[in-house]
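Chains A and B supply the protein sequences, listed in that same order. Here this note's numbering runs 26 ahead of the position in the first sequence, where the first position is 1. Here this note's numbering runs 26 ahead of the position in the second sequence, where the first position is 1.
Hints listed in this document are in silico derivations from the structure and should not be mistaken for laboratory results. Check each hint, because a few of them may be wrong.
Where chains are identical, the list cannot tell them apart; a pair therefore holds if satisfied intra-copy or between any two copies.
Dumping the calculated EDC-like pairs for lysine to aspartate or glutamate here, alpha-carbon to alpha-carbon at most 20 Å [stated by the list, open to error]:
{"hint": "1", "residue 1": "Lys-99", "residue 2": "Asp-57"}
{"hint": "2", "residue 1": "Lys-286", "residue 2": "Glu-160"}
{"hint": "3", "residue 1": "Lys-286", "residue 2": "Asp-385"}
{"hint": "4", "residue 1": "Lys-99", "residue 2": "Glu-49"}
{"hint": "5", "residue 1": "Lys-286", "residue 2": "Asp-149"}
{"hint": "6", "residue 1": "Lys-99", "residue 2": "Glu-155"}
{"hint": "7", "residue 1": "Lys-286", "residue 2": "Glu-120"}
{"hint": "8", "residue 1": "Lys-302", "residue 2": "Asp-57"}
{"hint": "9", "residue 1": "Lys-302", "residue 2": "Asp-313"}
{"hint": "10", "residue 1": "Lys-286", "residue 2": "Glu-386"}
{"hint": "11", "residue 1": "Lys-157", "residue 2": "Asp-385"}
{"hint": "12", "residue 1": "Lys-99", "residue 2": "Asp-406"}
{"hint": "13", "residue 1": "Lys-157", "residue 2": "Glu-136"}
{"hint": "14", "residue 1": "Lys-157", "residue 2": "Glu-120"}
{"hint": "15", "residue 1": "Lys-302", "residue 2": "Glu-342"}
A quick note: this is a predicted structure, and the numbers were derived from the prediction, not measured.
The lines below spell out each chain.
2 protein chains.
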Amino acid sequence: MASQPHDSSRHDNTLAVIRTLREQGPAARVDLGILNGISSATVTSISAELLQQGLIAELPPDTPRPSGRGRPKTLIQLAPEAACVICVKLSINELQLVVGDYSGQMQHSEHHSVATLALTPADLVALLEEKIAEVRSLALASHRRLVGICLAVQGVVASHSGTLIWSPALSFRNAALAPLLTERFGCPVLLENDANCIASVLATQPAYAGYPNLAVIMLGYGIGMSLLIDGVPFLGANGSAAEFGHSKYQPGGAQCACGKRGCVEAYAGDYALYRKAREVLELPAGDSAHPSEAQMQALTQLAMQGNPDAQRIFAEAGRALGYGMANLLALFNPDLVLVTGSGVRGYAAMQEAMQDAIDEALVSELIGPTRIVSCPWDRDMTCLGGIAITLQATDSQRLTES
Amino acid sequence: MASQPHDSSRHDNTLAVIRTLREQGPAARVDLGILNGISSATVTSISAELLQQGLIAELPPDTPRPSGRGRPKTLIQLAPEAACVICVKLSINELQLVVGDYSGQMQHSEHHSVATLALTPADLVALLEEKIAEVRSLALASHRRLVGICLAVQGVVASHSGTLIWSPALSFRNAALAPLLTERFGCPVLLENDANCIASVLATQPAYAGYPNLAVIMLGYGIGMSLLIDGVPFLGANGSAAEFGHSKYQPGGAQCACGKRGCVEAYAGDYALYRKAREVLELPAGDSAHPSEAQMQALTQLAMQGNPDAQRIFAEAGRALGYGMANLLALFNPDLVLVTGSGVRGYAAMQEAMQDAIDEALVSELIGPTRIVSCPWDRDMTCLGGIAITLQATDSQRLTES
DNA sequence: TGGATTTAATTTAGACCCTAAAATAAATAT
DNA sequence: ATATTTATTTTAGGGTCTAAATTAAATCCA
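Please work from the sequences and hints to get the whole structure.
In structure tokens form, the structure reads like this:
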């Protein structure tokens, strides 16, 4: 007459406590209760279990406490050494590897220059295996158990099957990367879109919390997007992120890297801006189909300094972005649109034309209450997001299994 | 030492049982258990409560049973007389009122021709109050308790506040209709987008179930859309449906009813098709800015019969639709797109151009596994959906209160 | 210095809800 | 008539939560 715990409430509450600790840092049991709408008696019970499993630890009480009457709070925090995850970011000509501990903090980070477009599928897998093995030994040296690996890539991914469908960083398509790595390293491997990783981080920041429908647009070589509904990335049929960059501005318009014409990206992606600029401006030489950060900064400088040709190019990009945004607003009607990515460097030069385009495209009733703001770009954010997503996935998995 | 039932599982299970009965009709306790993943002991307990409240009834056992061994199933069903709801559909020049019983069946339906565009806000409210009062007395005559009213309208609605933001059927904007009617009739009044109503019905049909991300496009005078995620309408910041019709095909293009240019609707809405057609074809006279069903059928006939001018017009509309669809696929990546509404009459004449436009706009990786199919149009579907939504809302409310 | 007060964490007692198993019910098969 | 089968109800018990009571650990104040 026993029963399996078909009841999910303990499971949910445990996850909520862990998530709160990871997002907000050390907290007292009372506060964890209030924050998650459960009684502190329950938090006591949950934290006892987690302590016993070594996943959390009590903070020594000598920490500077907010003075006040009453028994002082005993803060609990995630035990960093309880586990670790590795996040690998694959972007054009670069590979970043980051090790994160169980509290979600970055433990180690390294960058490698790689001619990604020249890789074959086998090359890529070999490279990933080699580099991951290296950082894994680092992690294992400090007695941390590797519980998951995350591959964060630009492009279209089928996250459920772990297949990379298409990425601007690679010259091949449809590679089932995750299953191969799972087998090699014996732990779950997630394949995630880079925009989803960043959006997951941004959504937890106080400034952007409280917006149930959030769109994060990533400007860069290409243009990506993530749609978060109540903080969780919306994955369509593909299991991929939304492809804002390939929504249309002008049927039959400019040539896009995807092979089609008229995509927003073909006007506002780095390569598109640089391509146009080279026609009329003196700019640093180099692979202008894949402009470097230095090249893009040179171009952006020109626009900021008032060069009319450069300004015209950014304005046209802003207009394309604005029309894309108009479609996003009409179809998705988000509460907040965040514009970020390395391409925000040129946002100031695009913003006015973008806003004009939105006003030209949509009646105010359809623009609704949506706010559009830009947000500074941090190159480590992708991996931090990947780490957070992976930890959350493995926590959830562990609880459902046991 | 008592506790409020903060636990939601009974609540959820009760709603699930009611929903299953409403969608699938009479069912046995065992099957309700299997269908909803709960034990039949729990179903027994839940159905005992519902029987006691008079919300369900056991079917007399003399119904033709599927022969077989063992104790026969006792089917239970929702008690139609337990409650009723009224759904009012407001569309251009027409008002439909439907009474639905607790099982979700249509009890009564009536149509009224009304020059909706000539109404003032006060006129509209007076008209609604009068007509609703009429059908309410019908319902009350059969001893049914009116538990909710649904207003289903074309256009943009803020469903949380009950404000009609903008509708093509009306010449004014921003009317807080629901609060007024709530006060007048003393029951919850929901304001819903018509596409959401229809989509809610379609999503429960076996043929379209099992698609977690479903887009329903409504062709008609204007073009509406509803996005369902796991069967529930996605409401953005506005609380409104997605406005596919006003996504852009051609910046600076054809004049749209919304006041802007280049919207998909300005090419593929009834008024847009008829406007173009009148330039080159002999067609029935009448208010060609608001073509009647007869006028649209005449135009559609011409295209079906091979008239090249008519065919060209539909092809251009299909192309606009295709580009809009491309953006929908890029941004939302639904599993299934259903095209319906009165405008499906012309779907055959648009389909090829539409498909070509999608292929022209998007690489196959971004089209992904999405299927696009049309679906026959039934003018009562909106109200049936409104009734289902309202019953579900009032059931849920009742349970959370008690 | 020592109670009074305040706040945090834990323990206790009880309610709710679910499930598996047992019991009961109601049919068909032989 | 009895065995078998399937549905429903009853029973017993476990899990989880919460409110209240208790315990713990500090400050306040005389």
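Hint-by-hint comparison with the structure:
no.	hint	result
1	Lys-99 to Asp-57	within (9 Å within a copy, 51 Å between copies)
2	Lys-286 to Glu-160	neither (40 Å within a copy, 57 Å between copies)
3	Lys-286 to Asp-385	between (27 Å within a copy, 9 Å between copies)
4	Lys-99 to Glu-49	within (19 Å within a copy, 51 Å between copies)
5	Lys-286 to Asp-149	neither (28 Å within a copy, 51 Å between copies)
6	Lys-99 to Glu-155	neither (45 Å within a copy, 58 Å between copies)
7	Lys-286 to Glu-120	neither (26 Å within a copy, 44 Å between copies)
8	Lys-302 to Asp-57	neither (55 Å within a copy, 64 Å between copies)
9	Lys-302 to Asp-313	within (14 Å within a copy, 48 Å between copies)
10	Lys-286 to Glu-386	between (25 Å within a copy, 7 Å between copies)
11	Lys-157 to Asp-385	neither (48 Å within a copy, 39 Å between copies)
12	Lys-99 to Asp-406	neither (33 Å within a copy, 61 Å between copies)
13	Lys-157 to Glu-136	within (10 Å within a copy, 71 Å between copies)
14	Lys-157 to Glu-120	within (13 Å within a copy, 67 Å between copies)
15	Lys-302 to Glu-342	within (10 Å within a copy, 31 Å between copies)
Comparing the model with each numbered hint stated earlier shows that hints 2, 5, 6, 7, 8, 11, 12 do not hold.
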